[in-house]
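These are the residues of each chain, in order.
2 protein chains.
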Amino acid sequence: MMHAEQRQRTHQLLRARGVSRALFAHPHSITWLTGFAPPVQLGLNPFAGGPPLLWVEDSHFTLLVMDGLAGATGALTEDPDCDVVTYPGYTYQQPIDGFGGLRVALRQVAGEGHGARKFGIESQHLPMALEAVLSEAGWTESVDMDGWLTDLRMVKTAEELDKLRANFALTDIGHAAARQAVRLGRREIDIWTDIHSAVERAVGHRVPLGNDCVVNTRQANIGGWPEAYALDEQGSIIIDLSTLDQGYWSDSCATYYAGEPTAEQRAVHQVVADALDYAIHLVRPGVKANVIDQKTRAFIADAGYPVYPHHTGHGVGVSGHEEPRITPYNGQVLEEGMVIMLEPGIYFPGEFGVRLEDALLVTAGGAEILTTHEKGPWVKAT
Amino acid sequence: MMHAEQRQRTHQLLRARGVSRALFAHPHSITWLTGFAPPVQLGLNPFAGGPPLLWVEDSHFTLLVMDGLAGATGALTEDPDCDVVTYPGYTYQQPIDGFGGLRVALRQVAGEGHGARKFGIESQHLPMALEAVLSEAGWTESVDMDGWLTDLRMVKTAEELDKLRANFALTDIGHAAARQAVRLGRREIDIWTDIHSAVERAVGHRVPLGNDCVVNTRQANIGGWPEAYALDEQGSIIIDLSTLDQGYWSDSCATYYAGEPTAEQRAVHQVVADALDYAIHLVRPGVKANVIDQKTRAFIADAGYPVYPHHTGHGVGVSGHEEPRITPYNGQVLEEGMVIMLEPGIYFPGEFGVRLEDALLVTAGGAEILTTHEKGPWVKAT
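Quick note, the sequences are listed as chains H and D, same order.
Under this note's numbering, the first residue of the first sequence is numbered 71, with each subsequent residue one higher.
Under this note's numbering, the first residue of the second sequence is numbered 71, with each subsequent residue one higher.
Please note that a few of the clues may not be correct.
Interface residues of chain D toward chain H, partial, derived using beta-carbon atoms under 8 Å [stated by the list, open to error]: (1) Leu112; (2) Leu114; (3) Gln163; (4) Gln164; (5) His195.
What follows is a set of in silico ranges between Cβ atoms, one per label pair, in the way DEER data are often shown [said to hold, decoys possible]: (6) D:Ala290 with H:Val357: 49 to 55 Å; (7) H:Ile439 with D:Ala202: 41 to 47 Å; (8) D:Pro109 with H:Ala246: 46 to 52 Å; (9) D:Ala86 with H:Gln163: 30 to 36 Å; (10) D:Arg177 with H:Glu127: 33 to 39 Å; (11) D:Gln82 with H:Asp302: 50 to 56 Å; (12) D:Met71 with H:Ala202: 37 to 43 Å; (13) H:Val213 with D:Gln164: 23 to 29 Å.
It is worth saying that the hints were derived from the structure and are not from the lab.
We put the CB at the ideal spot given by N, CA and C, even for glycine.
Assemble the whole structure, with the sequences as input and the hints as a guide.
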């Protein structure tokens, strides 16, 4: 049973809100509800007629997906509560009409309203062109469900934790490769390709990789994608790695040095390491997200450094950034089973910056650290 | 002026069809009309409120995009016929509401209908949730424009040719790396990461890379993403490379051998090379796409081999597969300035396969080959 618990939670939510028929369209909703995770790294599929869709009738789910992506539905096809319906995408024998195929499939799956015209939709991700199909079937009173699953997604299932752990193992591999790759004169893109190659070879297939790979001398040295900037003698580099595998994201960050860090670099690095350690020890069920945020910011300020102009952390799952966000405004109480990132930093634009990040599973007694990459100041053996 | 010719062509088309206001939403339309090409390889941006949108009033265009992606608008911001309007995406000081930001921005840009209620939309890519915004502004009689730009996109501008040529230079680099990487015992993913690294290092930034990297012993040895399958002594591998840079795709394919190809492998390889050469010499203005398709299939059949179960080729541009498709049904006449791929192959599932592919610019006198990778049977020096 793939992601059956997610579908049960959702069925209960829909029932409580009086919605018995619904059409999910947000890619994150689809992955969370089914485990289906089509490849993303080439952008829009030119043969698909639209995003994958998930139709719900009471406690039964039907995934609509282009035939060429059906391989990614995996074990889902054996689940009694979830059907997979495909429509034709690529063909060379007649003009390609993915949208036409999707329309026919949706019309069949949505059936007839039989007077029960009210139905839920994720309207921010459902193409306008499908409205006619739904109204032809008699579904005319739509209820916006955008964001309904956000809170349900915060506490992870055992199955999700397995997928997240597998991804954090990949960022560990990425950081080990980064430590080998960071050397005087090397460019961000050189280091990045070493990391990406190590991750993909370890897992044996392609893996999307985020997020940041920026040397200290960039003006915006908080984050950004790798380019041709090279490490100089006092060079440092922030490497923030996220992998996407089995539909789930990881995250992680460390800061590395091309040579011997200066006394100032060491001092700043130590404050950030202490701030992360301090933040981690605040994590436990019952604590509010904004309390962790405020205390961690205060820790940096009290040490006499500029406070990072970003969140203290965020949840992670089918989205790389999700609830609970560890931010000044968020009074969300942490619960056992949530997975959050914590990532304090100190930045001097154009000079240098340090950010360190760990993943935490909220446990009954506090927190388990899911990332095991080394984060201390570190000098390459010569 | 970035992509101004595309906007002029589109303005003329809209005027001819009696549409003075329009909202484009297909990512390929947006890139073609503006040059704007946000990164794709991490999937859905968790902070964006929706896809980039392009509002048209007569001959004036306005691109709506999340602030965090505005850097990718490049030189567009200096074009007098195209404004860029941004809406807030990521923030840590208040709850993230990309969709709310997009809604407000669209409401401002779409203004008031002032009685002119008819407007064009790309309804297959416009989120249903934005319908209310448009109708509030008085735009109520929508005209579906899905596919309207498809034919306009076939003949490339000089600016597009520059971008395409730059990408074909990258696939050439990728194939040179592939020739170095293919060795007995190596896995598809090992070879792939060598290729991807070489391409990204050459260009100095991240580049999405497709399409296929499959060893001969896979049952589906026509295509697929690289996995952990290794090359054995009689191993061959089909490597089909596409890069996406500056919003444009390239494409290319060759077949490599881990050792000395057998007599049968050489014979098949030669037939495919001859078929590609034959197909290339059919290309010139005035010839129909399906004539090239039929003749190339006949060439393979006449040689006594099974005819490839896919197109003979396709156009390439902001989409990796676009018009004109070189297929049995397509009577499209080739014109000077079109760019097409030709890719005949011969496959024996689970045993071995050969595919070779070149890119052609249709010129007044015939065709210019844009890909320069070696495609002949080739054995590594030992």
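To see whether the hints hold, each was checked on the structure:
1. Leu112: holds, 5 Å
2. Leu114: holds, 5 Å
3. Gln163: Holds: closest Cβ of chain H sits about 6 Å from Gln163 of chain D, inside 8 Å.
4. Gln164: holds, 6 Å
5. His195: holds, 6 Å
6. D:Ala290 with H:Val357: 49 to 55 Å: holds, 51 Å
7. H:Ile439 with D:Ala202: 41 to 47 Å: holds, 45 Å
8. D:Pro109 with H:Ala246: 46 to 52 Å: violated, 26 Å
9. D:Ala86 with H:Gln163: 30 to 36 Å: Roughly 32 Å apart at Cβ, these two residues keep to the hinted range, so it holds.
10. D:Arg177 with H:Glu127: 33 to 39 Å: holds, 35 Å
11. D:Gln82 with H:Asp302: 50 to 56 Å: holds, 52 Å
12. D:Met71 with H:Ala202: 37 to 43 Å: Because 38 Å falls inside the window, the suggested range holds.
13. H:Val213 with D:Gln164: 23 to 29 Å: holds, 26 Å
In summary, the one numbered hint that this structure violates is 8.
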